[in-house]
Structure formats: C-alpha cells, structure tokens
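*Asks:* Single-letter residue listing:
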Amino acid sequence: MTTTEEVRHAVLSSAFRSLFESEFGNVCRSLRRLGVHEADLADVAQELFVAVHRRIGELDPARPPRPWLFSFSLRFAANYRRLARNRAPHVDADVRADPADANGEARDLVLRVLADLDFDRRTVLVMHDLEGFGAPEIAEITKAPLNTVYSRLRLAREDFREAAKRLEGKGVAS
Amino acid sequence: MSERGVEALPPEIAEVLEREKLGYPEDGELKAAVLGKVEMAVALGGGAGGGGGGKGDVSPPAPVGAGSAGAGGATVVLGARAVTAIAVGTFLAGAVVGGLAMRRATPLERRPIVTSSPSIPNAPVEPSAPAASSAVAVVSAASATSLPPVAPAASVTGSAKPVGDPRGDLTREREVLDAARASLTSGDPAAAVATVEGHQRRWPNGQLAEEREVVWIHALRAVGQNAEAEGKVAAFRRAFPRSVLLPALDPPERKGGVP
Numbered sequence: 055m056t057t058t059e060e061v062r063h064a065v066l067s068s069a070f071r072s073l074f075e076s077e078f079g080n081v082c083r084s085l086r087r088l089g090v091h092e093a094d095l096a097d098v099a100q101e102l103f104v105a106v107h108r109r110i111g112e113l114d115p116a117r118p119p120r121p122w123l124f125s126f127s128l129r130f131a132a133n134y135r136r137l138a139r140n141r142a143p144h145v146d147a148d149v150r151a152d153p154a155d156a157n158g159e160a161r162d163l164v165l166r167v168l169a170d171l172d173f174d175r176r177t178v179l180v181m182h183d184l185e186g187f188g189a190p191e192i193a194e195i196t197k198a199p200l201n202t203v204y205s206r207l208r209l210a211r212e213d214f215r216e217a218a219k220r221l222e223g224k225g226v227a228s
Numbered sequence: 123m124s125e126r127g128v129e130a131l132p133p134e135i136a137e138v139l140e141r142e143k144l145g146y147p148e149d150g151e152l153k154a155a156v157l158g159k160v161e162m163a164v165a166l167g168g169g170a171g172g173g174g175g176g177k178g179d180v181s182p183p184a185p186v187g188a189g190s191a192g193a194g195g196a197t198v199v200l201g202a203r204a205v206t207a208i209a210v211g212t213f214l215a216g217a218v219v220g221g222l223a224m225r226r227a228t229p230l231e232r233r234p235i236v237t238s239s240p241s242i243p244n245a246p247v248e249p250s251a252p253a254a255s256s257a258v259a260v261v262s263a264a265s266a267t268s269l270p271p272v273a274p275a276a277s278v279t280g281s282a283k284p285v286g287d288p289r290g291d292l293t294r295e296r297e298v299l300d301a302a303r304a305s306l307t308s309g310d311p312a313a314a315v316a317t318v319e320g321h322q323r324r325w326p327n328g329q330l331a332e333e334r335e336v337v338w339i340h341a342l343r344a345v346g347q348n349a350e351a352e353g354k355v356a357a358f359r360r361a362f363p364r365s366v367l368l369p370a371l372d373p374p375e376r377k378g379g380v381p
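Just so you know, the sequences run in chain order V and U.
So the first sequence is numbered by my numbering: it starts at 55 and just counts up by one.
So the second sequence is numbered by my numbering: it starts at 123 and just counts up by one.
Simulated from the structure, these hints should not be mistaken for lab results.
Note that beta-carbon positions come from the ideal geometry of N, C-alpha and C, so glycine has one too.
It is possible that part of the hints are untrue.
What the hints assert, rightly or not - List of simulated lysine-lysine pairs, DSS-like, C-alpha gap at most 30 Å:
no. : chain 1 : residue 1 : chain 2 : residue 2
1   : U       : K153      : U       : K143
2   : V       : K197      : U       : K354
3   : V       : K219      : U       : K143
Stated by the list, open to error - Where chain U lies over chain V, by a calculated footprint (3+ residues, C-beta under 8 Å):
no. : stretch
4   : 79-87
5   : 101-112
6   : 208-222
Whenever a hint applies, use it, and build me the whole structure from the sequences.
*Replies:* Given below as structure tokens:
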C-alpha cells in the first residue's frame with residue numbers, strides 16, 4: 055500500500071465526515087423502516103458507512119446525497135433480510151415507545167405495520183410516503199418500471215390500511 | 123397524491139405517518155459509536171466488505187467521474203512515519219471510542235458488533251514503528267503506573283468502580299489507553315507497556331480490556347518482546363475469536379504485501 059493510500063484509508067475525508075454528520079440520522083431511520091431491528095442498527099449502519107466511504111468519490115456534489123445514500127440503505131436492508139432470523143415480523147421489544155411519546159408510538163405502529171408488508175411494496179411505501187421520493191426517482195433507485203412503482207404503491211397502501219386495522223383490532227395501535 | 127390512480131392517503135393514516143417521521147430522535151451515542159467503528163474499519167484497510175455481498179436488489183448510482191474524494195491529495199507530503207502514526211492513532215482511537223460507545227449502547231449479550239470481520243483485510247498500518255516526530259502529546263506512563271492499587275476482590279470482575287458510575291470508569295480506562303497509545307506513537311513503547319500494565323492491574327476485566335490487549339501487543343512488539351507478544355496474540359484469539367481487531371494483530375511482515 056502506498057503512502058497516499060495509507061493516508062486516505064487512515065483519515066476519513068472531510069467530504070465523508072460532512073455526509074456522515076448530516077445524514078446519519080436519516081440513514082438509520084431508513085434502515086429501521088426497511089426492517090433492520092434496533093438491536094442490529096449499529097452493525098448495519100457501520101457496514102453501510104464503510105461502503106459509503108469506499109465509494110464517496112462517486113457522489114455527485116451537484117446532486118442531493120439522499121437518493122444515493124438511500125440506495126445503500128436499500129441494498130443493506132435487503133441483504134440483512136436475507137437472513138431468516140431478521141425477517142421476524144416484529145418490532146424489538148426494547149424499543150417500545152414511552153406511552154407519553156405520541157411520535158414514538160406512531161413510529162412503533164408504523165414499523166409494526168411495515169413489518170407485515172411484502173418487501174418490495176414496503177420499499178415503495180417507505181420511499182414515497184415516508185421518505186418523500188417521487189415515483190420516477192423510486193423507479194430509478196429500485197430499477198423498477200414506473201408503472202410497477204405505482205402499482206406497488208397502490209397495493210402497499212391497501213396492505214398498510216389492512217395491517218393497521220388488524221393491529222388496532224389487537225389493541226397494538228391504541 | 124393523485125399520481126396515476128394512487129389514492130390520497132386517508133387522513134388518519136397520513137397523520138400517523140407524519141408523526142412517525144418525528145419518532146426518531148437523534149442518538150448521539152449511536153452516532154459516535156458507528157463513526158468510531160467506521161474509522162477503525164477504514165484504518166484497518168477498507169472495512170467490512172460491503173455489508174453482505176453484491177447480490178443486493180439495487181446498486182448505488184453509477185460513478186459520476188472524478189476520482190475518489192479523500193485526504194490523500196492534500197497530505198501526501200507527510201512522511202511515512204508520520205503517516206504511520208496517524209494510521210495507528212486513528213485505528214486505536216476508533217477501537218477505543220467504538221468499543222466504549224457500543225458497550226454503552228448495546229446489551230452485553232449481543233453478538234459482536236461486526237459479523238463480517240473475516241473479510242477485513244490486513245491492517246495497512248505498521249503499529250510498532252515509532253514516529254520520528256509527533257504532534258501527539260506524550261503522556262507519561264507514570265500517571266498509569268502510579269495508579270492506586272487494585273482492590274483485591276472487586277478488581278477480579280473489573281468493577282472497582284462505584285456502583286452507578288460506570289461511565290466514570292470508562293472515561294478513566296479510555297484516558298489510560300489514550301496515554302498508552304500516545305507513548306506508542308511517540309516512540310516510547312516501553313512507556314506504553316508500563317501504561318497498559320497499569321490498566322491491566324486496575325481493570326483486569328475492564329470494559330476496554332480488548333482494546334488494551336491490542337495496544338499491549340503492539341507495544342511488546344515495538345520493544346522487541348516478540349515471544350510475549352505472540353503469546354498474547356494467541357490468548358487474544360481465544361478470548362475474542364470474533365474481534366474486529368484481529369486483523370490488526372497480524373505480524374508486521376504479513377502486512378507488507380497488502381494490496
């Protein structure tokens with residue numbers, strides 16, 4: 055390894071640090087929505103940001119970084135879910151929100167409902183209704199046809215409503 | 123929204139989704155822990171291999187030209203030994219900070235933090251080489267070697283600290299290891315050995331024991347006590363078989379050919 059490479063590997067670049075500082079929270083939130091359990095979040099986020107560091111030179115400074123970063127979140131979440139133990143449709147018991155925390159309760163409810171959805175539909179719902187991506191952008195990131203994106207979104211919302219009703223029936227959502 | 127027949131969300135669902143967006147408060151400890159681990163992985167030579175392989179559903183956007191961003195261009199003028207000092211410092215700081223924060227943030231029974239450590243390439247650093255000159259403050263080993271004696275019984279479990287003040291001891295452990303690292307990088311490995319011995323006496327099973335052993339091994343190699351160092355390496359492998367720090371323990375000669 056050359057001296058230059060040693061330096062580059064030893065010292066995180068300012069570009070990376072800046073990106074990490076501003077986007078770490080968003081990345082973690084995306085990973086949670088895509089099914090990464092709270093207990094595994096640090097592991098997955100670490101590996102994700104190491105990969106981001108390796109490819110930081112590919113980030114176009116003229117474009118917002120979130121779509122680029124979300125593609126990492128999507129890939130790592132998908133890989134994470136390939137392990138059967140990570141597909142358990144539950145929200146970690148240790149992250150139940152304080153009953154006085156309305157936002158935390160909403161988060162728990164949404165994560166529970168999302169856990170019941172098919173991953174592709176879930177991805178589109180998360181990207182569109184929670185992350186704020188437009189359908190063409192989702193199509194580009196997921197490499198799915200635009201019509202497929204619309205179809206998945208429509209179905210995901212139906213699934214979401216039904217799952218929410220089921221959970222409400224069990225008293226989880228209240 | 124009204125795109126292509128997609129209905130607008132019912133108000134009650136929309137409200138829940140809006141509230142959900144506010145349900146993720148910033149977790150400073152997690153952030154610091156992850157950054158420390160990333161620094162360590164980078165210092166070790168590029169990290170954990172992409173988090174699970176290339177069969178992901180999507181790939182990051184295509185390159186947009188321009189070489190990789192990094193500190194390399196601006197810092198090429200640094201001498202090789204200074205570079206080594208930086209690399210060692212970064213790696214060990216990452217180990218200490220990451221270890222510290224992860225122990226705070228996660229239950230003890232959790233699996234090791236990095237599951238793909240076998241794919242981490244050998245460390246690109248040469249920890250045993252002393253720096254010719256260093257901006258790192260040299261902290262006297264006396265501060266560690268003159269630590270108060272260990273309480274005989276309590277120290278066995280590394281809990282010679284007052285109950286309810288775990289962070290205080292963590293901070294002190296880190297300070298001692300920082301001192302050892304400073305000694306090592308400033309060319310005084312004997313002082314580093316003395317410092318980690320002090321750490322071991324005070325916190326034999328401390329929360330940063332894993333990081334201590336790594337510093338210790340590098341320091342022993344630097345003073346030429348290779349047999350003892352290798353004995354410690356073997357013990358480390360037994361005690362921490364899945365440690366992310368294992369690649370950093372490869373003998374210096376094995377690191378020379380790292381691609």
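*Asks:* If a hint holds in the structure, say so; if it doesn't, say that too.
*Replies:* Hint check results:
At most 30 Å may separate the alpha-carbon atoms for a hinted pair to count; K153 (chain U) and K143 (chain U) meet this at roughly 19 Å. Taken as a hint, the K197 (chain V) and K354 (chain U) pair is broken in the structure, with Cα atoms around 50 Å apart against an allowance of 30 Å. Straight-line distance between C-alpha atoms of K219 (chain V) and K143 (chain U) comes to about 20 Å, which keeps the hinted pair within the 30 Å bound. Evaluation of the coverage hint for the stretch 79-87 of chain V: fulfilled, as 4 residues show C-beta separations to chain U shorter than 8 Å, against a requirement of three.
With a threshold of 8 Å between beta carbons, the proposed coverage of the stretch 101-112 of chain V by chain U holds, since 11 of its residues qualify and at least three are required. Coverage of the stretch 208-222 of chain V by chain U holds in this model, with 5 residues showing a Cβ closer than 8 Å to a Cβ of that chain against a need of three.
In the structure shown, a violation is registered for the earlier hint numbered 2 alone.
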